[in-house]
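**Q** The chain contents come next:
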Amino acid sequence: MAVIEVEGLWKIFGGDPERARERAREGVSKAEVKAETGSVIAVNDATFEVREQEIFVVMGLSGSGKSTLLRCINRLIEPTFGTVEVHGEDVTAYDDEQLRDIRRTKMSMVFQNFGLFPHRSVLGNVEYGLEVAGMSKSEREEKARRTLDLVGLEGYEESRPSELSGGMQQRVGLARALVNDPEILLMDEAFSALDPLIRDEMQNELLQLQEMWDPAATILFITHDLDEALKMGDRIAIMKDGELAQVGTPTEILTNPADEYVRSFVENVNRTKVLQARTVVRDPRDEEEARLRTDSPSVHPRAPLAEILPTVLKSDQPVAVRNGQGDLKGVVSRSALMEEVTRNAGVDLEEEAVEEAVTAQAS
Amino acid sequence: MDLNIGAAFEALIDWLKTNFEGFFEVAATAIGSTTEGLEDVLLLLPSWVMILLFTALAWWVASRGVALFTLVGMGLLDSYEFALFGTEIAVGMGYWEITMETLALILSSTLLSLLIGIPLGIWAAKSDTVDAIIRPVLDFMQTMPAFVYLIPAVVLFGLGTVPGVIATFIFATPPCVRLTNLGIRQVSEEAIEAAQSFGSTPTQMLFKVELPMALPTILAGINQTVLLALSMVVIAALIGSGGLGDPVVQGIQQLQIATGFEGGLAIVILAIFLDRVTQAIGERAGSTAQAA
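Protein sequence lines correspond, in order, to chains E and A.
Heads up, the first sequence is in my numbering, so the first residue is 16 and it goes up one at a time.
Heads up, the second sequence is in my numbering, so the first residue is 18 and it goes up one at a time.
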């Protein structure tokens with residue numbers, strides 16, 4: 016079921032938005048529209064939906080409009096045209112009071128440079144959302160402490176944000192966003208400012224948290240990093256010059272790039288390292304159920320294909336896929352895995368063969 | 018037609034005086050009684066007790082060095098007579114009472130500056146239009162020679178402490194407005210967005226995020242306001258505001274080097290004390306509100 020439905024969303028800065036939209040619809044390029052109308056088109060007719068409890072990644076290079084798009088969802092930036100619906104309610108029609116209410120109870124946001132309040136302690140930062148919503152001191156403090164424990168920051172409650180490392184600061188940012196149990200988590204390049212190792216750690220922790228939560232949040236995740244998009248995303252939208260070039264699962268994006276732009280992004284990707292077990296999983300058949308109930312070798316749904324390859328190849332039967340909690344998510348069969356691993360290898364071989372032939376002829 | 022700017026301004030002041038007499042009377046009473054009240058409080062305790070209190074304050078907010086300076090400097094402002102080996106000795110300048118008069122004038126004009134300057138600064142930070150209007154007015158207030166607006170101040174408020182406070186207020190308010198404006202505009206865009214994204218009302222935003230994060234800058238503005246107020250002391254003395262300006266004015270008029278120097282030195286001592294103490298308060302706030 017869709018939690019967020021974005022329909023025909025435009026964000027046009029300055030100039031004459033009506034005319035800019037007309038011209039853009041006629042196929043005029045962004046630069047020409049700017050020269051003609053003085054308007055900058057940041058988001059160009061975006062339509063997509065985010066489904067319940069999925070991680071939906073919007074990937075694009077800087078200036079592609081992805082952060083603007085995200086801010087249109089919670090209206091930190093007002094959309095120029097189009098609608099954003101959350102559970103079927105049009106957020107763009109909300110008045111200030113309704114908007115504050117949805118921000119306090121349903122949606123929260125994590126920022127690229129953390130956006131922490133330097134004059135407040137770590138605890139004070141995490142309490143902020145509950146405080147403005149009017150929760151009593153003792154109640155919000157208890158919730159904030161619990162959330163800080165969850166992100167591994169117990170003992171730092173009274174520290175100032177400036178005393179913490181970048182990774183820890185973003186944990187504070189994450190705790191601040193999680194403290195009111197939001198249904199929707201908006202993450203704006205949340206891990207981009209971190210060191211690669213810390214980033215990896217935070218990604219894994221977010222995935223773990225997502226697994227543990229009940230009900231899990233729906234996450235809209237913005238990034239410029241394809242590896243991150245493929246690792247985190249249940250579905251990915253690739254954005255270019257304000258337009259969505261393609262929306263699909265990691266497998267779809269890697270296998271069937273919609274255009275040259277997406278293809279140029281994904282062509283050098285090592286599929287076995289970025290595609291995860293969950294992309295080749297299928298539901299267990301009835302006759303397999305009994306066997307899977309007992310302890311058998313299993314793989315994690317987020318494990319890369321390269322990592323599960325030995326386990327699956329060694330087993331005569333399909334291997335169970337279980338998450339960190341031990342819940343059965345399905346099985347991976349040897350044939351499904353091999354098909355996925357070799358899918359593009361064949362194409363590559365052909366291309367190489369052609370190239371070889373061409374060079375042979377030329378010489 | 019002869020367009021006389023000066024005459025037009027005079028007509029404006031006359032018009033204000035006749036039409037808003039009641040307002041100016043109320044304002045004069047409020048300012049006058051605030052200043053007198055502060056003076057009474059400052060002179061309530063014996064001078065040596067006050068000196069120790071100021072020293073303790075300096076030690077607490079600033080440092081031991083500032084405390085030592087306060088003890089010695091303020092001590093010089095007072096006077097002591099004692100007998101040593103049968104000789105009568107008198108030390109100190111004996112300016113304690115007029116120093117407290119000056120301090121009261123500075124405190125009440127600074128209070129007025131903050132009361133009007135901080136809200137104005139907030140408004141200017143929120144609205145570019147207001148900012149554009151206020152900016153030249155502030156320039157005018159700061160560059161117009163202070164003697165010039167003494168005249169209308171006297172016309173509207175009469176001689177004494179009140180026009181002194183008003184003239185000091187006009188001269189000392191601009192940095193408070195400017196730095197409040199600057200401080201709020203400097204709050205990081207991401208912190209503002211974060212506060213918004215968690216559902217803050219505009220009031221919550223102002224009091225929970227913008228003002229606390231702008232506080233170090235605002236305090237720097239207050240420090241400037243206090244020092245500018247002190248620099249008006251001599252000019253205020255010309256219209257009968259009393260205080261430490263009196264010996265300086267007397268020194269000039271009667272060519273008394275000794276009196277003039279003592280008055281000047283007393284002002285410097287008070288200035289250094291006020292500067293170090295307000296600066297230390299600003300630094301304290303700065304270390305807690307430091308940008309991450």
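The hints are simulated quantities; they were obtained by calculation from the structure and are not laboratory data.
Note that the coordinates shown come from a computational prediction; the quantities given were computed from them, not determined experimentally.
Don't be surprised by glycine CBs; every beta carbon is placed ideally from N, CA and C.
Do not take every clue at face value.
Said to hold, decoys possible - Straight-line distance between alpha carbons at most 25 angstroms, and here's what the computed SDA-like set of lysine to any residue pairs gives: (1) A:143 / E:157; (2) A:225 / E:93; (3) A:225 / E:160; (4) A:225 / A:133; (5) A:225 / E:157; (6) A:143 / E:160; (7) A:225 / E:112.
Stated by the list, open to error - Some, not all, of what chain E presents toward chain A, calculated at C-beta under 8 angstroms: (8) 17; (9) 116; (10) 123.
**Q** Against each hint, give a clear statement of whether it holds in the structure.
**A** Each hint tested on the structure:
1. A:143 / E:157: With Cα atoms ~35 angstroms apart, residue 143 of chain A and residue 157 of chain E exceed 25 angstroms; violated.
2. A:225 / E:93: holds, 24 angstroms
3. A:225 / E:160: holds, 20 angstroms
4. A:225 / A:133: holds, 21 angstroms
5. A:225 / E:157: holds, 20 angstroms
6. A:143 / E:160: violated, 35 angstroms
7. A:225 / E:112: Cα-Cα ~19 angstroms, so holds.
8. 17: violated, 22 angstroms
9. 116: holds, 7 angstroms
10. 123: holds, 6 angstroms
When each numbered hint is compared with the structure, violations occur for hints 1, 6 and 8.
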